[in-house]
Amino acid sequence: MELRDTAEESAFRGGLRAWISANLTPELTGLGTRHESLELLRQWSRDLAKAGYAGLTWPQEYGGGGGKHSEEAIVLEELAGADAPQHVGAIGLGMAGPTIMGHGTDQQKSQHLPRILDAREIWCQGFSEPGAGSDLAAVRTRAERRGDTFLVNGQKVWSSYAHIADWCILVTVSDPDAPRYRGLTYLLVDMHSKGVEVRPLRQITGDADFNEIFFTDVEVPASNALGEVGAGWQVAMTTLLHERATLGFALTGFLDGHVQRLLRLAAADLKASEPWLAEIAAEWTQLQALKLTAYRSLGQLDLTGMPGPEGSVIKLAWSESNQRVTKLARQLLGPGAVLDDDFWQYQQLRSRANTIEAGTSEILRNIVAERVLNLPRSR
Amino acid sequence: MDFTFSPEQRELQEQARSFLERRFTPQVVASLADSDQGWARESWQEIANLGWLGVSVPERLGGAGLTFLEEAILLEEFGRCLYPGPFQASIGLARPAIPEGQLGQLAGGHRRWSVAVGAACNLVPDLGAVDAVVVERNEELWMVPASGWTSERSIDSTRRMGRLSEVAAGERLATGPQAAQLMAQMRIRKAAALALESVGIAQRVLEWGIDHVRTREQFGKPIGSYQAVAHPLVDSFVEVELARSLCYWAAWCISVEHRQAEVAALAAYASAVEAAVHTCERVIQVHGGMGFTWESPLHRYYKRSLWVQYFGGAPALHRRELARSLIAEAVSQGRDRGRPAATDQGGSLP
Numbered sequence: 004m005e006l007r008d009t010a011e012e013s014a015f016r017g018g019l020r021a022w023i024s025a026n027l028t029p030e031l032t033g034l035g036t037r038h039e040s041l042e043l044l045r046q047w048s049r050d051l052a053k054a055g056y057a058g059l060t061w062p063q064e065y066g067g068g069g070g071k072h073s074e075e076a077i078v079l080e081e082l083a084g085a086d087a088p089q090h091v092g093a094i095g096l097g098m099a100g101p102t103i104m105g106h107g108t109d110q111q112k113s114q115h116l117p118r119i120l121d122a123r124e125i126w127c128q129g130f131s132e133p134g135a136g137s138d139l140a141a142v143r144t145r146a147e148r149r150g151d152t153f154l155v156n157g158q159k160v161w162s163s164y165a166h167i168a169d170w171c172i173l174v175t176v177s178d179p180d181a182p183r184y185r186g187l188t189y190l191l192v193d194m195h196s197k198g199v200e201v202r203p204l205r206q207i208t209g210d211a212d213f214n215e216i217f218f219t220d221v222e223v224p225a226s227n228a229l230g231e232v233g234a235g236w237q238v239a240m241t242t243l244l245h246e247r248a249t250l251g252f253a254l255t256g257f258l259d260g261h262v263q264r265l266l267r268l269a270a271a272d273l274k275a276s277e278p279w280l281a282e283i284a285a286e287w288t289q290l291q292a293l294k295l296t297a298y299r300s301l302g303q304l305d306l307t308g309m310p311g312p313e314g315s316v317i318k319l320a321w322s323e324s325n326q327r328v329t330k331l332a333r334q335l336l337g338p339g340a341v342l343d344d345d346f347w348q349y350q351q352l353r354s355r356a357n358t359i360e361a362g363t364s365e366i367l368r369n370i371v372a373e374r375v376l377n378l379p380r381s382r
Numbered sequence: 127m128d129f130t131f132s133p134e135q136r137e138l139q140e141q142a143r144s145f146l147e148r149r150f151t152p153q154v155v156a157s158l159a160d161s162d163q164g165w166a167r168e169s170w171q172e173i174a175n176l177g178w179l180g181v182s183v184p185e186r187l188g189g190a191g192l193t194f195l196e197e198a199i200l201l202e203e204f205g206r207c208l209y210p211g212p213f214q215a216s217i218g219l220a221r222p223a224i225p226e227g228q229l230g231q232l233a234g235g236h237r238r239w240s241v242a243v244g245a246a247c248n249l250v251p252d253l254g255a256v257d258a259v260v261v262e263r264n265e266e267l268w269m270v271p272a273s274g275w276t277s278e279r280s281i282d283s284t285r286r287m288g289r290l291s292e293v294a295a296g297e298r299l300a301t302g303p304q305a306a307q308l309m310a311q312m313r314i315r316k317a318a319a320l321a322l323e324s325v326g327i328a329q330r331v332l333e334w335g336i337d338h339v340r341t342r343e344q345f346g347k348p349i350g351s352y353q354a355v356a357h358p359l360v361d362s363f364v365e366v367e368l369a370r371s372l373c374y375w376a377a378w379c380i381s382v383e384h385r386q387a388e389v390a391a392l393a394a395y396a397s398a399v400e401a402a403v404h405t406c407e408r409v410i411q412v413h414g415g416m417g418f419t420w421e422s423p424l425h426r427y428y429k430r431s432l433w434v435q436y437f438g439g440a441p442a443l444h445r446r447e448l449a450r451s452l453i454a455e456a457v458s459q460g461r462d463r464g465r466p467a468a469t470d471q472g473g474s475l476p
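Chains W and B are the protein sequences, given in the same order.
Using this note's numbering, the letters of the first sequence correspond one by one to residues 4 to 382.
Using this note's numbering, the letters of the second sequence correspond one by one to residues 127 to 476.
Calculated from the structure, these hints are not laboratory results.
Note that CB positions come from ideal geometry on N, CA and C, so glycine has one too.
Some clues are possibly wrong.
What the hints assert, rightly or not - Not the full set, but computed from the structure, chain W residues with beta-carbon under 10 Å of chain B: (1) Gly-70; (2) Ser-73; (3) Trp-279; (4) Glu-282; (5) Val-371; (6) Glu-373; (7) Val-375; (8) Ser-381.
As the list claims (entries may be wrong) - The calculated label-pair distances, taken between Cβ atoms and stated as ranges, are: (9) W/Glu-323 / B/Asp-128: 22 to 32 Å; (10) W/Gly-105 / B/Val-382: 34 to 44 Å; (11) B/Gln-353 / W/Asp-343: 31 to 41 Å; (12) W/Arg-374 / B/Arg-148: 47 to 57 Å.
The task is simple: from the sequences and hints, build the whole structure.
Here it is as structure tokens:
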């Protein structure tokens with residue numbers, strides 16, 4: 004056990020800090036998750052990739068860093084600490100990329116992986132539908148085989164990044180008569196294809212981070228199926244496993260930013276923060292516990308190469324933590340909190356989605372109950 | 127960054143678990159809890175023979191020359207089996223105050239220690255099982271013999287309490303800044319040691335809860351298939367895993383004398399004792415009426431978890447203290463803003 008950086012990690016961190024301070028312009032800080040300036044973010048992500056700070060966990064043959072999880076964690080921490088934006092291709096790097104590596108053809112790998120790394124391709128996720136949320140196997144978006152193409156019709160919802168995405172990982176029904184879980188096909192869809200329409204969904208924050216995607220007679224080459232036709236469920240499970248695992252450090256990095264701000268807020272008005280000291284410390288503590296647990300589960304990932312279900316634990320605890328932190332920060336502001344401060348107001352409302360997106364807390368509890376505690380299935 | 131135990135540390139953990147599970151089954155602990163002595167005196171020599179009392183004692187004094195990290199592994203395992211005896215008192219609480227000249231006796235299992243707490247500084251855990259007590263007196267630390275005392279009724283019959291009725295003169299251990307430093311060190315170790323014991327308690331109880339809901343059937347199905355039953359156990363699992371990470375962090379900080387040792391120990395304590403109490407309560411609940419019986423081992427674990435929380439102090443108070451130190455740091459960082467970040471900061475922890 005050694006919780007300080009090794010000499011190698013320390014050198015990596017030092018180099019990264021120097022790179023960030025040389026490259027981070029004021030217009031980039033605080034851009035966060037609101038993508039008003041796509042080109043700026045794309046360029047920043049390209050620069051990150053060029054400097055070797057993207058896809059550190061990816062195998063070297065695909066242009067990555069060769070499975071350096073601790074360095075990936077350092078990148079996420081340092082970017083969050085400097086208030087710098089993360090790589091804009093989060094879904095490509097964390098979900099589409101690893102799924103393509105696991106199930107893709109050589110052609111699919113060479114076509115997409117390098118372009119995901121340097122943000123030439125931004126990806127979005129087409130999983131949820133109005134009638135299929137937690138119950139993913141109930142999707143109805145149809146993919147009909149017509150010779151060398153699939154004809155895609157249907158609607159997806161809650162798609163982050165879809166309004167700026169170039170590609171989509173899409174779960175479709177290719178055989179509506181097959182038994183449940185057997186008739187699904189996982190497609191890689193060019194978002195610039197004819198018949199794809201993206202409509203932003205205005206949320207309770209007033210912003211539009213999510214979108215609906217409508218597919219009307221969209222022609223997708225049959226060679227864009229990822230994995231076997233009809234095996235889409237297994238491919239989708241790979242994506243979801245990676246979603247929660249790789250998310251860990253990104254989530255704690257994001258929460259770290261909030262907790263640091265919370266502490267500065269408390270430091271600025273000691274009297275106002277006095278009644279809330281125990282709550283403030285509890286949130287700081289929870290953040291450290293999440294970070295440490297993410298490091299502890301790295302050992303597991305390095306051993307087996309596949310993320311374990313621990314990721315569900317981190318996502319579950321993180322989402323509730325972020326909801327409490329953002330509400331606590333508003334509370335510290337006193338009656339002034341009724342005014343929209345353009346940061347905490349947005350973050351507090353936005354945090355309500357944290358227990359819904361990327362697996363609702365109810366589904367995550369089921370996953371932990373069944374796969375970690377080995378309790379009997381609830382359904 | 128490496129947050130894993132070494133093969134030797136894992137071996138120690140497995141060895142401790144298998145010995146303690148065999149030696150201190152819930153039946154054995156129950157009969158000791160009801161006995162006059164309250165503990166198995168002969169077990170101390172067995173533990174000494176296994177080398178577990180001299181873990182951090184230098185090799186030249188008959189110990190293993192290891193650190194608090196290895197003691198932490200044992201504290202968790204001793205908590206897990208609800209060991210009745212002064213292991214927590216000697217290793218978790220009194221250890222930093224034991225004079226070097228007596229460390230050989232510690233390692234050999236020839237002498238046992240505890241500490242005095244309370245307003246009059248005369249309330250002592252496991253007083254009937256120890257030879258000497260560390261007492262704080264006028265900002266000095268003293269070691270007094272464990273004689274002249276009365277027995278008090280502890281809420282946990284596996285961890286008895288006694289009150290020193292007359293405090294013999296004893297031996298002065300430290301004065302002035304040296305005493306203050308020693309007391310600070312003991313405070314940090316106490317928080318971490320109680321936290322580790324709590325994680326051991328919580329883990330064992332959670333396992334009983336899981337086993338029970340897997341097999342107990344109602345309405346024709348195991349009750350663990352009902353989400354209303356399963357989800358509280360998941361919440362306990364999450365709490366225990368997060369607390370465990372904090373505990374190992376605190377143990378590591380103490381073992382390398384890291385500047386974060388104090389905040390880590392405070393954080394670990396507040397999280398772990400709450401995790402233990404919550405887990406006991408949830409697992410009693412999922413056991414239904416059986417969980418409420420004297421026959422079930424659960425009440426002893428529950429009482430130990432409450433004992434730890436009352437003895438160590440309210441988690442909220444620890445958090446308030448922690449917050450003050452975090453906010454003070456944020457204030458000083460605010461003052462330093464604009465200065466370049468230290469490049470030798472190293473380490474990804476705060």
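Original post:
Which of the stated hints cannot be reconciled with the structure, identified by number in ascending sequence?
Top reply: When the structure is compared with the hints, numbers 1 and 12 turn out to be violated.
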